[in-house]
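A.B. asks: Residue strings, one per chain:
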Amino acid sequence: MTYYVYPGAEHSRFGHSLGVMQFASDIFDTLRSKNESILMKALDASLDDLNVYRQRLRLAALLHDVGHAPFSHASEDVLPPGISHEGQTLEIIRSGYIADIINSYSGTTGTTSEQIAQFFVPRTIDRRVVFLRPIVAGELDADKMDYLIRDSIYTGVHYGRFDHERLVASLCVLESPEQEGGMILGIEEGGVHALEALVLARYFMFTQVYFHRVRRAYDMHLIGLLKDVGVTYPAEVEKYLEWDDRKVIDLASQHCNNTHARAIRERSHFKQALHTPDHTDAEQRRSFQWLCEKVSDKFEPTKLLFDEAVKASHKFSKIDFFVRKIDGGFDKIEEMSRIVKALEPIEQYRIYADQSIRQEVGEFCRNFCKDKGIHF
Amino acid sequence: MEDERLTVITEIVRRCAERQYNLGKIQLQKMVYFFQEKGKDLGYTYVIFHYGPFSFELAEDIERLKTLRVLNIEPDDAGYGYHITPGVHSNVFTTNDSVINANTHALDTIIDTLGMMTASEIELVATIHYVFSVLRETNQGDIREDVIRSVAELKPQFNSEQIAHALANMPAAFMPS
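Line by line, the protein sequences give chains A and B.
Each residue of the first sequence is one higher than the one before, counting from 1 in my numbering.
Each residue of the second sequence is one higher than the one before, counting from 1 in my numbering.
These aren't lab readings, by the way, just hints derived from the structure by calculation.
Hints may be right or wrong, so weigh each one.
As the list claims (entries may be wrong) - List of simulated lysine-lysine pairs, DSS-like, C-alpha gap at most 30 angstroms:
| id | chain 1 | residue 1 | chain 2 | residue 2 |
| --- | --- | --- | --- | --- |
| 1 | B | K40 | A | K311 |
| 2 | A | K315 | B | K40 |
| 3 | B | K38 | A | K315 |
| 4 | A | K311 | B | K38 |
| 5 | A | K41 | A | K325 |
| 6 | A | K372 | A | K298 |
| 7 | A | K370 | B | K66 |
| 8 | A | K325 | A | K34 |
| 9 | A | K315 | A | K34 |
| 10 | A | K303 | A | K247 |
| 11 | A | K325 | B | K66 |
| 12 | A | K271 | A | K370 |
| 13 | A | K227 | A | K247 |
| 14 | A | K311 | A | K247 |
| 15 | A | K372 | B | K66 |
| 16 | A | K294 | A | K227 |
| 17 | B | K66 | A | K294 |
| 18 | A | K227 | A | K271 |
| 19 | B | K66 | A | K315 |
| 20 | A | K303 | A | K370 |
| 21 | A | K294 | A | K271 |
| 22 | B | K40 | A | K227 |
| 23 | A | K311 | B | K66 |
| 24 | A | K298 | A | K370 |
| 25 | A | K311 | A | K227 |
| 26 | A | K311 | A | K294 |
| 27 | B | K66 | B | K40 |
| 28 | A | K341 | A | K325 |
| 29 | B | K66 | A | K341 |
| 30 | A | K271 | A | K303 |
| 31 | A | K372 | A | K294 |
| 32 | B | K66 | B | K38 |
As the list claims (entries may be wrong) - Here are a few chain B residues that sit away from chain A, every Cβ distance over 10 angstroms (derived from the structure):
| id | residue |
| --- | --- |
| 33 | E4 |
| 34 | R5 |
| 35 | E18 |
| 36 | G39 |
| 37 | N72 |
| 38 | A106 |
| 39 | D108 |
| 40 | Q140 |
The beta carbon of each residue, even a glycine, is placed where N, CA and C say it ideally should be.
Go ahead and model the full structure; you've got the sequences and the hints to work with.
C.D. replies: Next up, the structure:
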């Protein structure tokens, strides 16, 4: 629902998928051009095999999001229990829709649909997939590189920009400094600032775009509508694929008296009555939960929405990502970058209210906080 | 589920601090891994990563708890890892939680067994468990040789003898069911 706030944001997941495939290709080609033999060692592959693994990586990147529900993460709450979009991706790749296409070429390429599916099996123990998968989905992956830049361009904000060419050119395969014989994806010291730019880009895209208060309100209206009308997405692939953004928007037309449908159709979203800081601490979180109970007791619950916007600023935890220093040594990214070390997860909570009671709810919250000595 | 997860993480850190175990991120990741296997499934998905079974969602929750001031995470003296201890707001997540009460024995067994191991030993034990569980899904026979071969491929820093020795001496409570 980002286009409700940023009207230019009408780009599609297909464009993103092509972008991820391109970034994954660029990363693989960079690793290969820098040190072909170490890449062969990491993949336990011959020179000829490298092209095969490049192709598998590209297909995995292209297909990495096919299991997403309409409006992406916004409507995941109505997936059946135990079903995730990642799981649906795996099912769809294994289904005839995708598998038949990949397998029809396997005679010439040697690539089967199951080899691509292995990228999406969480518990895979295939060491080649374990090595390649972080290029598609890891701390520093093709997915992030594409969505940050793409969303930045289409929304018209500048936060998501970073020097992606420099960043890709700085990636390398490292022989793990802590694990003899282990091969991992890392970065050269010269690329640390480009990596920091990506980290900051992601941080600001979350605080300014993905967690924008109005955008979050529409996400909640969307899920509220789906729940009110009793939608649970089917797990079975054929029926699941019938659900797209258009079908969900049509629901809003069919149930035009529903509060959430009206908010979506008339762009009359609930308004923010209270919010906590970007980085809420545990005491504030507990106070917020207490406040939510009181607000729910005092006001009509159907006229309220409660939001928890939580996201890590990055996942470069110290044990995971290494930098190859100019002097030939290694260090962990958090030791090399004060920005990476300093950025904390975003943790922001909000109360929204129907426009008719928004002032009243806001005043109640302020008075409650004042009486109880709560500071947000 | 969310508060349940945060409560379990906090409780592990609290109990390790009481026992004066030096707890880092690798140990905490693996303790939660075994808690899911032997106590309650918290819904964390584990994949094989640099140091064996690893959950990105858990890593995110650990960072969240640091932001919430529930945990302190400081570089350890050696500079290679972290030292995790309860933070000023650790009491926000109560020790009297039902999931903790129902799984106290499993929690203590995991903490006391893994708390005495080095990070490298924990990595090997957890990887063996993980690989064993995956291979067991499709083979009910004797899979020990397959486990050793697969672990050696994933973790080349361990040789076959080390893996076989660790497999043969796996604590009973840590064998896959």
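A.B. asks: Look at each hint and say if it fits the structure.
C.D. replies: Do the hints match the structure? See the list:
1. B:K40 / A:K311: Given that 30 angstroms is the threshold and the Cα spacing comes to 25 angstroms, the pair holds.
2. A:K315 / B:K40: holds, 25 angstroms
3. B:K38 / A:K315: holds, 27 angstroms
4. A:K311 / B:K38: Roughly 29 angstroms separates the two Cα atoms, so the pair holds.
5. A:K41 / A:K325: holds, 22 angstroms
6. A:K372 / A:K298: With a Cα-Cα distance of about 17 angstroms, the restraint between K372 (chain A) and K298 (chain A) holds, given a limit of 30 angstroms.
7. A:K370 / B:K66: holds, 27 angstroms
8. A:K325 / A:K34: holds, 16 angstroms
9. A:K315 / A:K34: holds, 25 angstroms
10. A:K303 / A:K247: Measuring from Cα to Cα gives roughly 25 angstroms; hence the hint holds.
11. A:K325 / B:K66: holds, 29 angstroms
12. A:K271 / A:K370: Satisfied, since the Cα-Cα distance of roughly 22 angstroms is no more than 30 angstroms.
13. A:K227 / A:K247: With Cα atoms ~15 angstroms apart, K227 (chain A) and K247 (chain A) stay inside 30 angstroms; holds.
14. A:K311 / A:K247: holds, 29 angstroms
15. A:K372 / B:K66: Satisfied, since the Cα-Cα distance of roughly 25 angstroms is no more than 30 angstroms.
16. A:K294 / A:K227: Distance ~24 angstroms between K294 (chain A) and K227 (chain A) Cα, so the pair holds.
17. B:K66 / A:K294: holds, 28 angstroms
18. A:K227 / A:K271: holds, 20 angstroms
19. B:K66 / A:K315: holds, 14 angstroms
20. A:K303 / A:K370: Answer holds: K303 (chain A) to K370 (chain A) is near 24 angstroms, not above 30 angstroms.
21. A:K294 / A:K271: Since the Cα atoms of K294 (chain A) and K271 (chain A) sit roughly 18 angstroms apart, the hinted pair holds (cutoff 30 angstroms).
22. B:K40 / A:K227: This hinted pair holds, its Cα atoms lying about 29 angstroms apart.
23. A:K311 / B:K66: holds, 13 angstroms
24. A:K298 / A:K370: holds, 17 angstroms
25. A:K311 / A:K227: Holds, because 24 angstroms separates the two Cα atoms, which is no more than 30 angstroms.
26. A:K311 / A:K294: With Cα atoms ~26 angstroms apart, K311 (chain A) and K294 (chain A) stay inside 30 angstroms; holds.
27. B:K66 / B:K40: holds, 23 angstroms
28. A:K341 / A:K325: The given pair, whose Cα atoms are some 18 angstroms apart, holds under the 30 angstroms limit.
29. B:K66 / A:K341: Given that 30 angstroms is the threshold and the Cα spacing comes to 12 angstroms, the pair holds.
30. A:K271 / A:K303: Holds: K271 (chain A) and K303 (chain A) sit about 10 angstroms apart, inside 30 angstroms.
31. A:K372 / A:K294: holds, 12 angstroms
32. B:K66 / B:K38: holds, 26 angstroms
33. E4: holds, 15 angstroms
34. R5: For R5 (chain B), whose nearest Cβ neighbour in chain A is about 12 angstroms away, the distance exceeds 10 angstroms, so it holds.
35. E18: At roughly 20 angstroms from the nearest Cβ of chain A, E18 (chain B) sits farther out than 10 angstroms, so the non-interface label holds.
36. G39: Fine: 19 angstroms to the nearest Cβ keeps G39 (chain B) off the interface.
37. N72: holds, 13 angstroms
38. A106: The claim stands: A106 (chain B) keeps its Cβ more than 10 angstroms from every Cβ of chain A (closest is about 21 angstroms).
39. D108: holds, 25 angstroms
40. Q140: Since the minimum Cβ distance to chain A is about 17 angstroms, Q140 (chain B) lies beyond 10 angstroms and the statement holds.
Against the hints set out earlier in the document, no violation occurs for any number.
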